[in-house]
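A.B. asks: Spelled out from the first residue to the last, the chains are:
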Amino acid sequence: MNPGLHYLDSAATSQKPRAVLDAIVNFYETSNANPHRGAYDLSVKATDAYHGARDRIARFFGVSDPATLIFTRGTTEAINLVASSWGGANVAEGDEIVVTGMEHHANFVPWQQLAIANRARLRICELEPDGTVKIERLAELVTKRTRIIAFSHVSNALGTINPVREIAAIARGAGAISVCDGAQSAPHLAVDFDDLGVDFYAFSGHKMLGPMGIGGLIGRRALLEGMPPYQTGGDMIEFVNDEDTTWNVLPHKFEAGTPNAANAVGLAAAVDYLAAIGMDEVRRHERALIESAMTRLSAIDDLHIYGPGAAQRSGVVSFTLGDVHPHDLATILDGAGVCIRAGHHCAQPLMRRLNVPATARASFYVYNDESDIDALVAGIMTAKALFGPAHV
Amino acid sequence: MSENAANIQAMYQELILDHYRRPRNKGELEGEHTTVAMKNPLCGDEVYLHLSLEGDRVNGISFTGRGCSISQAAASMITQAVKGKTSDEAEALGARYREMIMGDADAAQDKSLGQLRALSGVSKFPARVKCALLAWNALEEGLK
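These protein sequence lines map, in sequence, to chains A and B.
So the first sequence is numbered by the numbering used here: it starts at 310 and just counts up by one.
So the second sequence is numbered by the numbering used here: it starts at 453 and just counts up by one.
Looking at chain B on its own, in the form it has when it is part of the complex:
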């Protein structure tokens, strides 16, 4: 198998395709919340992140939108990862996630990222980095 083909197999893991097809936390959020829209005009990916905080803690989080497997799986996994975390914890996780997507090898081994490590293969595909960061960019905006 060529290096390229191996990289592609590494990116499209079972777990990612599972989140793409059975997204978690997808849908509108009940009650009072803020919504942040992030779009990638190039390919038409859209993520609408719905967020409610209780004090400093992420109480409710969900997303709607449409797009490629990477953008949608990332939104699904990210909403799972930050639910119940304080905004500081969420931001720290986001910073680490961003490092991993940008190709930081240490971050890709960081157990604190949990399932999100399945997305580390995206770093080999510069054209797809934006897809993986779309939901995080929305979350970051929402936590401000």
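Bound conformation, chain A alone:
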């Protein structure tokens, strides 16, 4: 649709394949009714489409019990659900919540606010100079008051892949729950929820070829069943008496109101698309691009790359270029048809730790190839020529 466009901002949102758009249109054309409501055939079709989508997405994430996959608007809502529901009921005064210094605001602010509201303490695991989490450093922060360890599987700003299983094991050993922000891993890495060992995993559909406004929370059944509802209203109830209400079973207890069935169907088409490519192949393709991009970018004078090497990095290269502000760089690259992100990447605590106000970020996905890196490098050279040698 946009010839000459080099889209390198998939960490913000991915482009969508035709199969996803078709699935959404097809739902509205053939199955549109309110799920769980009607006694008529069309509503049954809508209900089947919605739950069929849940089953397919659960399978993609290695979830054997699809009722433990709760649809949400995305990662942000999924994390807020856990913070509000589990956190609200289980975090007491003096308790501790551990996060890392690389978190997206969506996996930082909900915990910070929970800590403020419940008089708990937020503890932040500082990063190593290469933008990774040292497991021993994290373990040192964990005490018998730790109730929650929340961390990203993959950093949106640095691309760092974190050791999920090790962190989950630390949480388990301390009697804390682990909450994994999977917004940047679900699109790029093979994720098997049971194998990861975390208690909660949150993801967004729109970053993994799916539509905006749909994502999910995967959780352990025992935890989900013990949690109070996040929102109340239609669909999530069992009996509504005048004085009180009993709750519906999973997953409905956490899905108040008319569900986003069409986008759930769209997301199911997206995971089918990814499964057909194979997540190992997705990773192989991206890793080759990352290695090439890092090699070519690091050869440019005054260009500084943040974060770890390609082996411990998924889809993202964050960098600065001399005294050219990332915002200027993004404008100049846009002139060459190259879309990158410039700014704090919704990770201001991380930017403070890197001691930069902003970085430029190029992120890759299944549809990118070497020609995108060619355009990126050429655009950076244009910026260098325009700004001239850096003045100190």
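Please keep in mind that the hints were generated in silico from the structure rather than gathered at the bench.
Computed from a predicted structure; not experimentally measured.
Cβ atoms here follow ideal geometry from the backbone N, Cα and C, with glycine treated the same way.
Each hint should be verified, as a subset may be incorrect.
Covered stretches of chain B, as calculated for chain A (at least 3 residues, CB under 8 Å) [to be verified]: (1) 515 to 527; (2) 535 to 546; (3) 579 to 586.
Keeping the supplied structure of chain A fixed, place chain B upon it in accordance with the hints.
C.D. replies: This is chain B only, laid out in the frame that chain A set:
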């Protein structure tokens, strides 16, 4: 050269890069003054405008902060342009400047804007308009 590339060259003029790298009136202001902070949360640009009036006249003006070339060059050029002006004159200039940044072709030719006309190219880049207006928004607040 594509139209886009030409627009970019037009925006990043020598004069703008010069003000970005050698900002005028950058630093704290001595004596009694008011400070207005303006931030663009999206990209992290920050301008702190320091202002002192003598009667109705802009007596002292400076800025601190950090950000992209457009936000910092605009702050530098704006502080130069309004120094010594009455607040009415400064506001009139600000209104004209705003028109230019929003794409008004007449304003872009208006000699009263002086050096500030170098920033007229920003109007071609909607995503950057906020950068060019940050310092003016701060000044407007400070003159109230």
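A.B. asks: So which of those numbered hints doesn't the model satisfy?
C.D. replies: 2
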